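Protein chains: 2
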Amino acid sequence: MDKAKEKRLVKNGWKIGSAKEFLGLSDVESSYIELKIKLGTNLRKLRTEKNLTQVELAKILKSSQSRVAKIETGDPSVSLDLIVRSLLALGTSQKEIARAISS
Amino acid sequence: MDKAKEKRLVKNGWKIGSAKEFLGLSDVESSYIELKIKLGTNLRKLRTEKNLTQVELAKILKSSQSRVAKIETGDPSVSLDLIVRSLLALGTSQKEIARAISS
DNA sequence: TGACAATATATCAGATATGACATATATTTA
DNA sequence: TAAATATATGTCATATCTGATATATTGTCA
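If you read the sequences in order, they're chains S and X.
FYI, in the numbering used here the residues of the first sequence are 14 to 116.
FYI, in the numbering used here the residues of the second sequence are 14 to 116.
Please note: incorrect hints may appear among the correct ones.
Which copy? The list can't say, so a pair holds if one copy fits it or any two copies do.
Capping the alpha-carbon separation at 25 Å, the derived lysine-lysine pairs in DSS-like fashion look like this [said to hold, decoys possible]:
1. Lys58 x Lys108
2. Lys63 x Lys75
3. Lys108 x Lys51
4. Lys75 x Lys58
5. Lys83 x Lys58
6. Lys63 x Lys51
Don't read these hints as lab results, they were simulated from the structure.
None of the values given here were measured: they were computed from a predicted structure.
Working from the sequences, and respecting the hints, build out all of it.
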């Protein structure tokens, strides 16, 4: 299964459902990807609300600009761990993370 | 920071707060650990409700008994990705995962 | 008690994620 | 418009996570 391709499709407006069908993703896999994209999108929202650049956020996270971009664009190389830690580092509470997942 | 030690402490009834203080964990780190423990505990609850052994669950997850045990006991070597995928594989919805995080 | 099933813990080679860097492509601003 | 700033994408050496295996510990029941 080509995760890079799948990510590109999702980014370009494909609904998870259709991407799932097209790529033959399992329910678990597609739900997991959907979840990561939700949280990554949430991180971008948070960052822009705080008027931070990716470079500035990267510094806070002790990561790099490129990895922040990958978090926000749902790059398949990014772990849920990193996304969640990043949200927490920006002050997101567990309840807020839960809300983001439910949305 | 010794994650194995921290895990043992938490397991033995230390509250996150005190483990955090004792070990000098950052807010991000302690919240992240707390979250993993919550979801791991949730997985165990789900598994036992379904009357599955760790060996049986491992087979479903295409993992091993030892890794299932590590998920359930909050072993620091386990990623959030694996925990969430495992919950999803047991049929947990995103809303239910969100609920577990909020609790 | 002892045998047996279930769970926990330790270790490791291979797999995957990581920050860093280079560089491409937007996007903004003068 | 061009220059400056911000974001995206590709690659890689190193770090971390993985399933597997071995073995220890715990619980259960005759």
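Outcome of the hint check:
Taking the closest pair of Cα atoms, Lys58 and Lys108 come within 25 Å of each other both inside a single copy (17 Å) and across two copies (21 Å). For a Cα distance limit of 25 Å, the shortest separation of Lys63 from Lys75 inside one copy, 18 Å, qualifies, whereas the shortest one across copies, 42 Å, does not. In this homomeric assembly, Lys108 and Lys51 come within 25 Å of each other (Cα to Cα) both inside a single copy, at 15 Å, and across copies, at 13 Å. Taking the closest pair of Cα atoms, Lys75 and Lys58 come within 25 Å of each other only inside a single copy of the chain (19 Å); across copies the shortest separation is 36 Å, beyond that limit.
For the identical chains of this complex, Lys83 and Lys58 are intra-copy neighbours only, at 14 Å inside a copy versus 34 Å across copies, given an alpha-carbon limit of 25 Å. Taking the closest pair of Cα atoms, Lys63 and Lys51 come within 25 Å of each other only inside a single copy of the chain (19 Å); across copies the shortest separation is 29 Å, beyond that limit.
Hint violations for this structure: none, all hints satisfied.
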